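> Sequence:
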Amino acid sequence: MVRENDLLSRELDIYIRKHLRPEGIKLRDFFGIDVQHAAGPSAGGAKWALEFLLKSLEVTFSEKLLELIEAKGRKASEIYTKAGITKTHFSKIKSDKEYHPTKETALAFAIALHLDLKETTDLLRRAGYSISHSSESDLIVEFYIKKGVYNIDRINNQLDLRGHKTLTNWRKTKD
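Under our numbering, think of the first position of the sequence shown as 363, with each following residue one higher.
To be clear, the hints were calculated from the coordinates, so they are not data collected in a lab.
Computed from a predicted structure; not experimentally measured.
The C-beta atom is built at its ideal place from N, Cα and C for all residues, glycine as well.
It cannot be assumed that every hint is accurate.
Said to hold, decoys possible - Simulated DEER-style distance windows between Cβ atoms: (1) E498 with W410: 38 to 48 Å; (2) E498 with A438: 26 to 36 Å; (3) T450 with K409: 20 to 30 Å.
Claimed, not checked - The calculated lysine-lysine pairs, modelled on DSS-like cross-linking and capped at a C-alpha distance of 27 Å, are: (4) K426 with K459; (5) K465 with K449; (6) K527 with K426; (7) K437 with K449; (8) K454 with K426; (9) K509 with K465; (10) K434 with K409; (11) K459 with K444; (12) K444 with K454.
Could you put the whole structure together from the sequences, leaning on the hints where they help?
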């Protein structure tokens, strides 16, 4: 097991060296070695790099959502109601900074907050999602955001008409 952990630490160190590019810092200065001539990563280097990355973590989806609600000057109850989220569900999101929403829930909050595409992309990324142009449902939501139409019922209607999962537990209005 110790050998396996050493191998994993070495792989992590190599991965970090290969992919991490802090602005303004040369790779040699960052790691204190010439990467091209390094004999191999040390467990200490991997530990340091992991600690560095953990200190550099961005705010989570839940934290960012609460920041956005405050920054937009809106009441939390207004936003979660508009997003079609229950008070209980929102309370869970608010109390658990590691809360991981569904993509639909994250998009519903983006619509309720009237986020532009850049802000929506950032919020989705914090939940581990992205808007994909290979997904018709993503394109529908993107279209409405680009048009500045933040009506979740209209978006849900289009998603439903085209056979996609709606953003909320939306029900068609009966004629």
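> Indicate, hint by hint, whether the structure satisfies it.
Going down the list of hints, with the structure as the test:
no. : hint                       : in the structure
1   : E498 with W410: 38 to 48 Å : holds (45 Å)
2   : E498 with A438: 26 to 36 Å : holds (32 Å)
3   : T450 with K409: 20 to 30 Å : violated (41 Å)
4   : K426 with K459             : holds (9 Å)
5   : K465 with K449             : holds (19 Å)
6   : K527 with K426             : holds (25 Å)
7   : K437 with K449             : holds (13 Å)
8   : K454 with K426             : holds (15 Å)
9   : K509 with K465             : holds (21 Å)
10  : K434 with K409             : violated (39 Å)
11  : K459 with K444             : holds (21 Å)
12  : K444 with K454             : holds (17 Å)
Checked against the numbered hints above, the structure breaks hints 3 and 10 and satisfies the rest.
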